[in-house]
Amino acid sequence: GAVVSQHPSRVICKSGTSVKIECRSLDFQATTMFWYRQFPKQSLMLMATSNEGSKATYEQGVEKDKFLINHASLTLSTLTVTSAHPEDSSFYICSARDGDRGVYSNQPQHFGDGTRLSIL
Amino acid sequence: RKEVEQDPGPFNVPEGATVAFNCTYSNSASQSFFWYRQDCRKEPKLLMSVYSSGNEDGRFTAQLNRASQYISLLIRDSKLSDSATYLCVVNEAADAGKSTFGDGTTLTVKP
Chain A
113 GAVVSQHPSR VICKSGTSVK IECRSLDFQA TTMFWYRQFP KQSLMLMATS NEGSKATYEQ
173 GVEKDKFLIN HASLTLSTLT VTSAHPEDSS FYICSARDGD RGVYSNQPQH FGDGTRLSIL
Chain B
99 RKEVEQDPGP FNVPEGATVA FNCTYSNSAS QSFFWYRQDC RKEPKLLMSV YSSGNEDGRF
159 TAQLNRASQY ISLLIRDSKL SDSATYLCVV NEAADAGKST FGDGTTLTVK P
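So the protein sequences, as listed, match chains A and B. Under the working numbering, residues 113 to 232 are what the first sequence spells out, in order. Under the working numbering, residues 99 to 209 are what the second sequence spells out, in order.
Chain A on its own, in the form it takes in the complex (with noise of 0.2 angstroms):
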């Protein structure tokens, strides 16, 4: 099945750091990943929608400047936080689908092992 891969699976940093998590398509090419984010006991909430070779979409109230996103390959995207505050802390997990399997949009997504972001 499609595996995605994502890294570092956790994160410990002072407050003002800026943190890269990168995640990769290891199986498949993907011209579209989702970045989620999770906090304790509460649903996923799409932060952003990222697009190979252009500017990543994000969803409302979700500040681009503060997570940057790069999907340079058809492999790889990646999101940093930038200056992160303890706010930030929180799970952050990457999807993207398989459209080599079918209709793209028919298809389920396949998720990262996500990333734990504690900001001290």
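Don't read these hints as lab results, they were simulated from the structure. Predicted model only: the values in this text are computed from it and were never measured. Among the clues, some could well be false.
[Unchecked claim] Computed list of lysine-lysine pairs in DSS-like fashion (alpha-carbon distance at most 30 angstroms, straight line): (1) Lys132/A with Lys167/A; (2) Lys208/B with Lys153/A; (3) Lys196/B with Lys178/A; (4) Lys100/B with Lys176/A; (5) Lys208/B with Lys143/B; (6) Lys100/B with Lys178/A; (7) Lys176/A with Lys196/B; (8) Lys178/A with Lys153/A; (9) Lys208/B with Lys177/B; (10) Lys143/B with Lys178/A; (11) Lys143/B with Lys132/A.
[Stated by the list, open to error] Here are some, though not all, of the chain A residues that point toward chain B, as calculated from beta-carbon distances under 8 angstroms: (12) Tyr216; (13) Ser217; (14) His222.
[Unchecked claim] Just the calculated beta-carbon pair ranges, DEER-fashion: (15) Glu175/A with Lys208/B: 38 to 44 angstroms; (16) Cys138/B with Val115/A: 19 to 25 angstroms; (17) Val115/A with Ala165/B: 33 to 39 angstroms.
C-beta atoms are modelled at their ideal positions from N, C-alpha and C, and glycine is treated no differently.
With the hints as your guide, set chain B onto chain A.
Okay, now just chain B, sitting in the frame of chain A:
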């Protein structure tokens, strides 16, 4: 009204019980449907797709009712390892198949 609604639970059942979750969606043009499970502090994992004719995978049965716009998941002979949050996900036909997630239903299976 949310686009995808689930009963949040929690559902607390004994081992061996049969439990059913329902999910309703508001967009009649939705075309693809899925159930995921999410364990505590982990990423969601695809459990099964839901097909119009209904489908089964071992102890799990998924059904779709397009007329009433709901999806169900039935778990038979519950195991302790089934304890998780179950997410209903709906893909739209338009908007590049935008996915909408339900808030999840929490299941705890007790010995």
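Comparing the hints with the structure gives:
1. Lys132/A with Lys167/A: holds, 17 angstroms
2. Lys208/B with Lys153/A: holds, 20 angstroms
3. Lys196/B with Lys178/A: Since the Cα atoms of Lys196/B and Lys178/A sit roughly 24 angstroms apart, the hinted pair holds (cutoff 30 angstroms).
4. Lys100/B with Lys176/A: holds, 25 angstroms
5. Lys208/B with Lys143/B: At roughly 22 angstroms apart (the allowed maximum being 30 angstroms), Lys143/B and Lys208/B satisfy the hint.
6. Lys100/B with Lys178/A: holds, 28 angstroms
7. Lys176/A with Lys196/B: Distance ~20 angstroms between Lys176/A and Lys196/B Cα, so the pair holds.
8. Lys178/A with Lys153/A: holds, 24 angstroms
9. Lys208/B with Lys177/B: The hint holds at about 8 angstroms.
10. Lys143/B with Lys178/A: holds, 28 angstroms
11. Lys143/B with Lys132/A: holds, 24 angstroms
12. Tyr216: holds, 6 angstroms
13. Ser217: holds, 2 angstroms
14. His222: holds, 7 angstroms
15. Glu175/A with Lys208/B: 38 to 44 angstroms: For Glu175/A and Lys208/B the Cβ distance comes to about 43 angstroms; the hint holds.
16. Cys138/B with Val115/A: 19 to 25 angstroms: holds, 22 angstroms
17. Val115/A with Ala165/B: 33 to 39 angstroms: Holds, at about 36 angstroms.
Checked against the numbered hints above, the structure violates none of them.
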